[in-house]
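Listed in order, the protein sequences are those of chains A and B.
The first sequence begins at 1 in my numbering and counts up by one.
The second sequence begins at 1 in my numbering and counts up by one.
Just so you know, these hints were derived from the structure itself, not from any lab.
Treat the hints with caution; some may be incorrect.
Distance ranges between label pairs, derived from CB positions [said to hold, decoys possible]: (1) A/Asp181 <-> B/Ile130: 55 to 63 Å; (2) B/Asp196 <-> A/Gly75: 34 to 42 Å; (3) A/Glu63 <-> B/Gln203: 42 to 50 Å; (4) B/Val22 <-> A/Lys228: 56 to 64 Å.
Far from chain A by the CB rule (all over 10 Å, computed), these chain B residues [unchecked claim]: (5) Thr27; (6) Ala43; (7) Leu154; (8) Glu155; (9) Leu210; (10) Leu212; (11) Gly213; (12) Gln279; (13) Met307; (14) Ile312.
Stretch-level coverage of chain B by chain A, calculated; a stretch enters the list once three of its residues show a Cβ under 8 Å from a Cβ in chain A [claimed, not checked]: (15) 198 to 207; (16) 222 to 235.
Where a beta carbon is used, it is the ideal one built from N, C-alpha and C, also for glycine.
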Amino acid sequence: MAKRIDVSGLHVYYGDFLAVEDVSMTIEPRSVTAFIGSSGCGKSTFLRTLNRMHEVNPNARVEGKVMLDDLDIYGPDVDPVAVRREIGMVFQRANPFPTMSIYDNVIAGAKLNNQRLSKREADEIVERSLRGANLWEEVKDRLHKPGAGLSGGQQQRLCIARATAVEPEVLLMDEPCSALDPISTLAIEDLIANLKENYTIVIVTHNMQQAARVSDRTAFFNLAGTGKPGRLIEMGDTNRIFTKPEKKETENYITGRFG
Amino acid sequence: MTTTDSSTPARVPTGRRRIGDVIFANTASGAGALILLILAGVAAFLIIQSMDSLRANTVNFFTTTDWNASTREDPAFGVAALAFGTVLAATIALLLATPVAIGIALFIVYYAPRRVAALLGYIVDLLAAIPSVVYGLWGVVFLVGQLRPFYDALENYLGWIPLFAGPVSATGRTMLSAGLVLAVMILPIITAMSRDVFHQVPQANREAALALGATRWEMIRMAVLPFGRPGVIGGAMLGLGRALGETMAVAMILSPSLVISPFLLQSGNQTIAAHIALQYPEATGYGVSALIAAGLVLFAITLAVNMGARFIVARRKEFS
Numbered sequence: 001m002a003k004r005i006d007v008s009g010l011h012v013y014y015g016d017f018l019a020v021e022d023v024s025m026t027i028e029p030r031s032v033t034a035f036i037g038s039s040g041c042g043k044s045t046f047l048r049t050l051n052r053m054h055e056v057n058p059n060a061r062v063e064g065k066v067m068l069d070d071l072d073i074y075g076p077d078v079d080p081v082a083v084r085r086e087i088g089m090v091f092q093r094a095n096p097f098p099t100m101s102i103y104d105n106v107i108a109g110a111k112l113n114n115q116r117l118s119k120r121e122a123d124e125i126v127e128r129s130l131r132g133a134n135l136w137e138e139v140k141d142r143l144h145k146p147g148a149g150l151s152g153g154q155q156q157r158l159c160i161a162r163a164t165a166v167e168p169e170v171l172l173m174d175e176p177c178s179a180l181d182p183i184s185t186l187a188i189e190d191l192i193a194n195l196k197e198n199y200t201i202v203i204v205t206h207n208m209q210q211a212a213r214v215s216d217r218t219a220f221f222n223l224a225g226t227g228k229p230g231r232l233i234e235m236g237d238t239n240r241i242f243t244k245p246e247k248k249e250t251e252n253y254i255t256g257r258f259g
Numbered sequence: 001m002t003t004t005d006s007s008t009p010a011r012v013p014t015g016r017r018r019i020g021d022v023i024f025a026n027t028a029s030g031a032g033a034l035i036l037l038i039l040a041g042v043a044a045f046l047i048i049q050s051m052d053s054l055r056a057n058t059v060n061f062f063t064t065t066d067w068n069a070s071t072r073e074d075p076a077f078g079v080a081a082l083a084f085g086t087v088l089a090a091t092i093a094l095l096l097a098t099p100v101a102i103g104i105a106l107f108i109v110y111y112a113p114r115r116v117a118a119l120l121g122y123i124v125d126l127l128a129a130i131p132s133v134v135y136g137l138w139g140v141v142f143l144v145g146q147l148r149p150f151y152d153a154l155e156n157y158l159g160w161i162p163l164f165a166g167p168v169s170a171t172g173r174t175m176l177s178a179g180l181v182l183a184v185m186i187l188p189i190i191t192a193m194s195r196d197v198f199h200q201v202p203q204a205n206r207e208a209a210l211a212l213g214a215t216r217w218e219m220i221r222m223a224v225l226p227f228g229r230p231g232v233i234g235g236a237m238l239g240l241g242r243a244l245g246e247t248m249a250v251a252m253i254l255s256p257s258l259v260i261s262p263f264l265l266q267s268g269n270q271t272i273a274a275h276i277a278l279q280y281p282e283a284t285g286y287g288v289s290a291l292i293a294a295g296l297v298l299f300a301i302t303l304a305v306n307m308g309a310r311f312i313v314a315r316r317k318e319f320s
């Protein structure tokens with residue numbers, strides 16, 4: 001598990017509008033990479049191109065190359081469905097399936113890959129994923145109750161359990177804590193620290209303390225100007241970015257002078 | 001509530017309600033109560049008017065199939081065959097229409113290019129605007145003739161299933177034909193309801209499925225259909241209500257006979273609504289009152305169907 005992502009010269013378009021311009025970066029396996037930057041700078045847009053989720057919007061398209069180890073995920077024969085089974089995603093708002101129980105939510109993705117899952121295998125996957133998401137102790141007595149009945153923080157951990165149940169190589173997290181209270185946020189941050197043993201993790205966050213706490217490497221995105229595309233300004237070890245940024249823009253942002 | 005303008009003293013709520021508010025509240029409650037009154041009035045009318053013939057009836061109303069009511073002495077009539085025919089026709093229509101409607105709705109919302117979807121949605125709505133007598137004409141003049149070869153084939157290959165046992169009616173004016181035309185008639189309402197509810201599936205749910213590596217069909221099964229289930233059932237029940245009560249098309253297509261026959265390809269059976277329409281002009285003696293009794297049964301069936309649907313929708317409320 002856990003693979004490296006190599007992006008080179010990636011442009012993201014919505015129709016004719018260039019949203020993100022010329023991003024190249026390497027995302028290391030078994031580490032946490034944080035994307036920071038002000039709202040609308042294209043970091044979430046860029047994140048969604050890493051598992052081709054941007055294609056949900058029919059006008060969105062990319063130019064450039066994204067390699068998952070040695071697989072070009074935009075290769076002509078590559079099925080976006082297969083890409084998403086390798087690269088899982090957790091969203092800003094917890095989105096458990098409202099009609100499903102906690103158990104069914106966790107097993108939903110695993111069932112897609114393996115229709116004839118035995119009851120015992122399914123039970124194992126559910127328990128392992130929920131334990132992995134630090135949720136097992138809280139929900140083990142009500143696995144067949146609706147997932148929507150959990151608290152916001154629990155729902156988000158349920159979504160993480162659901163995403164890890166399919167054993168992806170990479171886990172993308174799009175502001176996973178922005179709708180959560182500080183205690184739930186802490187629970188998720190602890191979880192991220194555990195998950196990086198097995199996964200490549202990319203997290204978009206508005207919260208610079210969070211980026212500093214959880215990530216090994218940080219990428220700073222910014223707009224070239226109003227109406228201009230977002231760009232990758234600087235990327236490096238989190239410590240270095242927050243102590244000795246190379247670019248003036250980065251320094252301005254992390255010291256709170258704008259954004 | 002209170003203003004903090006320094007030039008005028010803060011306005012104190014007096015507890016008095018504004019006159020416009022009172023008028024509006026009363027009008028709204030009045031309109032709500034009116035519905036209940038109308039429903040109760042119809043029910044009372046049906047019950048009172050049917051009592052006359054039900055008291056005089058010499059046989060069991062619910063188990064008898066014959067209808068000899070247009071007399072002043074010893075009427076003998078029963079609703080058994082009619083109720084059976086009504087439920088049978090509506091069930092056929094529902095079974096045929098619902099899967100097709102769900103398919104059309106899914107196509108419109110998730111598969112069709114935007115302009116095709118808009119056009120198709122418009123055509124489906126148009127279908128709903130065609131009067132039922134036109135459907136009846138189309139059914140009896142055109143459709144039943146076209147269906148003969150299909151019925152023959154059905155009897156040949158599936159005749160061993162009692163439903164499709166022969167001999168096939170020579171005219172094609174059978175329960176299956178009536179059910180088919182009813183299915184076309186209720187298709188738009190079920191489609192429209194399903195389409196609306198499929199449109200409302202939150203993007204977050206659909207993306208959750210896609211992000212797990214679901215194909216489009218798997219996404220529909222995982223996120224769209226479970227979410228849309230109550231709406232689809234609601235649409236199906238509206239359709240069923242229309243199919244149960246539909247008069248003109250059935251009256252024109254079926255060649256009626258008052259028997260309980262499960263053989264869909266043979267002539268026979270009749271529905272309550274069509275029976276009332278056909279018998280009313282000639283009803284004498286206890287005839288009218290007996291027909292009202294049949295109407296009461298139709299009323300009860302429709303009510304039961306609606307309550308059943310509500311029960312189904314509410315049962316899994318915890319999950320929606």
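Now the hints, each set against the structure:
Here the CB-CB span from A/Asp181 to B/Ile130 is close to 56 Å, well matched to the stated 55 to 63 Å. The given range of 34 to 42 Å is respected by B/Asp196 and A/Gly75, whose C-beta atoms sit roughly 39 Å from each other. The hinted window of 42 to 50 Å between A/Glu63 and B/Gln203 is violated, with their beta carbons roughly 25 Å apart. Under the hint 56 to 64 Å, the C-beta atoms of B/Val22 and A/Lys228, about 57 Å apart, fit the expected range.
Interface exclusion of B/Thr27 from chain A stands, the closest Cβ pair being 37 Å apart, more than 10 Å. For B/Ala43, the condition that its CB be more than 10 Å from all CB atoms of chain A holds, with the nearest at approximately 36 Å. Taking the minimum C-beta to C-beta distance to chain A, about 33 Å, the non-interface status of B/Leu154 holds against the 10 Å cut. The Cβ of B/Glu155 lies farther than 10 Å from every Cβ of chain A, with a closest approach of about 38 Å, so its non-interface assignment holds.
Consistency note on B/Leu210: stated as away from chain A, yet its beta-carbon is not over 10 Å from all of that chain's, at 6 Å minimum. Listed as a non-interface residue, B/Leu212 fails to keep its Cβ farther than 10 Å from every Cβ of chain A; the least gap is roughly 3 Å. Chain A draws B/Gly213 into its interface by the beta-carbon criterion, the shortest separation being 3 Å against a cut-off of 10 Å. Against chain A, the non-interface label of B/Gln279 holds: every CB pair exceeds 10 Å, the least being about 47 Å.
Even its closest Cβ contact with chain A, about 23 Å, leaves B/Met307 beyond 10 Å, as expected for a residue assigned away from the interface. Annotated as non-interface, B/Ile312 keeps its C-beta farther than 10 Å from every C-beta of chain A; the closest such distance is 14 Å. Residues of the segment 198 to 207 of chain B lying with their CB closer than 8 Å to a CB of chain A number 6, which satisfies the three-residue condition for coverage. Counting residues of the segment 222 to 235 of chain B whose beta carbon lies closer than 8 Å to any beta carbon of chain A gives 5, which meets the minimum of three for the stated coverage.
Checked against the numbered hints given earlier, this structure breaks hints 3, 9, 10, 11; the rest are met.
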